[in-house]
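Here's the letter readout for the chains.
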Amino acid sequence: MFIKPSIILSSIILLLLIYACEKPRPINQEEIINRIELHLTDSKGKSYEVRYFDEDGEGTKEPVADTLFIPSGEHFTCYIALFNTLVTPTANITSEIAEESAEHQFFYLTGPGSGLEFSYDDEDMMNHPIGLRFKLSSGGAESEKLNIILRHMPDKTAQYVMSGDITNAGGETDIDIIIPVVVK
Amino acid sequence: MEGLTAQSCESTIRGRIYDEHDRSGLELSSIIIMGTDQGSLTDSLGNYIIRNVCPGTITLKVTHIDCEEIIRKITVDKGVIQLDIALEHHVRQLDQVNIQAKSNKRPVAPHEKINRTELNLSKNGTLTENLRSISGVNSLTTGPNIEKPIIHGMFGSRIGILVEGSKVEDQQWGSEHAPSVNLLLFDDVEVVKGVSAIRYGAKSLGGTIVIEPSIPYTGQQLDGTIHLGASTNAPGGSISLELARGFRAQDKGGWKLAAGITRYGDSHAPDFVLSNTGGENVSAGFMCTFLQDKWFHRITLMTQYTSSALLLSTQIGSQADLEHALELSRPTIIRPFTFGIAPPSQKVLHTSAIYNNSYRLNANQIIRLNGSFQWNNRKEFDIRRGGRSNIPAVNMDLLTTQLEIVEDHTWSNAFSGQWGMAFMHQHNQNDNKTDRFPLIPWYHQINGGLFIIEKWYHKNIIAEVGGRGDFTNYYSIYYTLTNDLITDRKKYFNGTFSASIRYQNHSGLIFTFNSGMGFRPPDINELYSNGVHISAASYEVGNPNLRSERALKTILSIEKNNLNRLSFVANIYHNSVQNFIYLRPEGSIITIAGAKLKYQYTQSDAQFFGADVSTKFILTPALLIEEKSDYLYAVNKTTKMGLPMIPPFSNRLSLTWSINKSITNKSHYDFSVNWGYTARQKRYDEADVFSPPPAEYHLFGLGTRYKSRNNKLILDLELKNIFNIAYSNYLDRLRYFSKSESGRSLSLKMLFNFQS
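Top line first, the protein sequences correspond to chains A and B.
First residue of the first sequence: 1, per the numbering used here; consecutive thereafter.
First residue of the second sequence: 1, per the numbering used here; consecutive thereafter.
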């Protein structure tokens, strides 16, 4: 008869131990990317900057994208920077991507017939492109949309992927945004 | 038989099959007149009747699952012959409590048991895999190795799984969560297809799976069983050991110890490797039974750790990724074969302690107590940036305590019943270091219930009525997508009833009619979930205003058990569910990773109508044909379209040829060939699927089995998907990404029984 009381007693103690746990706290949203900045410098040293901002990350507020105004017939040296403003202090995600550069690749896509021309300007340790730094050149005057996609775990060796064609890249989309571009 | 006219076959044999030790009746014993298809099953008091018996000398075979079979020759004259037969149980002491209890325990509702030999041979396998032999049961899969049972079109928390009377409480609401059940300690697995909510409590709308140990082994020798398994697709193997022994004090009980390990690598589709589909499972359990005069105690401790990899290609971030995956004819990521388990993956640790007790107050009353504590820890890993892949994206601890007290009573030979109280407390605790919104909020849940069931026996009829009242309270703190915490409380109360009748006619046909209500308060995830489903690039949004689901299920079952000729079970059922909870697509949400589909939990009335048949036909003593088919029509009454994940029509046929089979326990060989057909699901809602349901398919298999004398050694070799066809399974949630199910596979199972 000793079994029953001892079982009940030990389970009560176990329960009290485990149940005396803390209540939930707000989540530390370290993984989010909610601000993206694009920096361009033209051949004369003049710089241009646009920002894409999603204030509440996964929340319901619609993200806001600036329009990029650039001159025609110009060459630009560019870089992209990613941030998470939902944690304090604001986290720089760019360095996370740089550390795992072999597992990430940016794609900069323009519509067919666009005068914008893109090329990569950086490499991971396998000499495959990353896209944190890149070159852009503008053609004639146009209104264009620049689609910036970041893929996690893409197959960089798949056909045309290294030249910036996303078709065979695979992987998981971490970023997929559109920046309106006006070439004057 | 030829010369006999109908008039001369007018004799009746009737009597009682009882336990030799305490003279209690043995339910479900079978009595067969050998060489004919005449026979009977005993009712819950052990009574049987066989009518229209022809005069002459006949041989009766009496069998009961827990007893040695008895063969007896008798001479039949005209009139009624009274023949009571005593069977000897393997364990005597126990019968007092256990057998009597057993006869009262089961509700009068259509049910089907897994064949014991088959179960014994596949104990290393999953519960769902083992349930496949039962008609009306399908499996909802997430890749080749994670599966959960579907009974009559319902799954997850709409079916109950009871281990030794305690509900298995893991994260059963998730479709990609396999039930945390290990079968090593158990011997009986039964699917109750009818309404069983009265006895088993809320939520069992579709059916209940009842898992029990057999009568404990109390022999003075160590009884051991070794199970081995190996297969070529999902290459790997399993080994497990069961040991049992009685206490030195004669008939005072015994113990059983079991442990097993399973490890396998990636599965192969016919044309490619299904990358990252390996897994492992480690389990251990201990069961101890004490018998004392009027007391019966059983303590069970079990723990199991399961780690399963999820197909790499399922990790997608947006609608565009999903569309890309749908266009391809292969998974987006194919890597060389590996045994490794990499993210995305899940690790589940389930530990439970169960205590069963019964006490015989007097000849007609038994009090039973059942208590359990379960701890389920679930971790899910995703491919994450910044070295976070090793940090679980989901990490939750679910703690459940259950207590049930039941009084069993027998008023007279005609009336018996039980009433009882059930209580449950459940708490979910989320790890705060996942950096993701938890799928399930922090909550406390309290359930309480009161029920009564009464049975009436009259000749060949058993009738049962029952009623139950339950309350469910939730106290939760959940997250909004803006990282705010909201505290909420919910209360649900539900009353239900059921009525059943079972009738056995002269020729041994058993009719069971069962009708009753079931109910299910909304699950916690349906109320409050708020987050991303990685493998569907979708947001799942809970709905705190949901009401309880109420089901009215009616089932008619016709059954014939004949060990010599034709046996069959046919079920036809209708289930009408009010406030059926499902996910409805509500457009998409734009995030920084692009568009994600948004799904919201909502309610509508639904209707299920189906039939399943399983037939066994002994063509010649050496040739056995088995057939099983399932049909289900399910419709959402609001949209007039199909419901998600409803099994399409399927049919299975097998032919088994035995060499040297006889009643005596000689060694023998079996050869079998089987064919399985699965139709295309034509009734579906386009909003529920990313691509139309896959085409119908046929699968062929071969098997051979060797059984030694007394089943000491069983070897079973099986070849599945002989023609290595590529096919897609509608009930596989990963079909959009995997493109094909597993190809050909050869598997070996071995069972070795020893005593020392």
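Since the hints were made in silico from the structure, they are not lab data.
Beta carbons are placed, not taken as given, at the ideal position from N, Cα and C, and that holds for glycine.
Check before you lean on any hint, since a few could be wrong.
[Claimed, not checked] Facing chain B, from chain A, some residues (calculated, C-beta under 10 Å):
id, residue
1, Asn28
2, Asp42
3, Lys46
4, Val50
5, Glu62
6, Leu86
7, Pro89
8, Arg151
9, Met153
10, Ile179
[Unchecked claim] Just a sample of chain B residues kept apart from chain A, beta carbon distances all over 12 Å, derived:
id, residue
11, Gln319
12, His324
13, Thr332
14, Pro438
15, Gly469
16, Ile501
17, Val532
Now for the hints, and whether the structure bears them out:
{"no.": "1", "hint": "Asn28", "in the structure": "holds, 6 Å"}
{"no.": "2", "hint": "Asp42", "in the structure": "violated, 27 Å"}
{"no.": "3", "hint": "Lys46", "in the structure": "violated, 28 Å"}
{"no.": "4", "hint": "Val50", "in the structure": "violated, 15 Å"}
{"no.": "5", "hint": "Glu62", "in the structure": "holds, 7 Å"}
{"no.": "6", "hint": "Leu86", "in the structure": "holds, 8 Å"}
{"no.": "7", "hint": "Pro89", "in the structure": "violated, 16 Å"}
{"no.": "8", "hint": "Arg151", "in the structure": "holds, 8 Å"}
{"no.": "9", "hint": "Met153", "in the structure": "holds, 6 Å"}
{"no.": "10", "hint": "Ile179", "in the structure": "violated, 12 Å"}
{"no.": "11", "hint": "Gln319", "in the structure": "violated, 9 Å"}
{"no.": "12", "hint": "His324", "in the structure": "violated, 8 Å"}
{"no.": "13", "hint": "Thr332", "in the structure": "violated, 4 Å"}
{"no.": "14", "hint": "Pro438", "in the structure": "violated, 8 Å"}
{"no.": "15", "hint": "Gly469", "in the structure": "holds, 26 Å"}
{"no.": "16", "hint": "Ile501", "in the structure": "holds, 38 Å"}
{"no.": "17", "hint": "Val532", "in the structure": "violated, 8 Å"}
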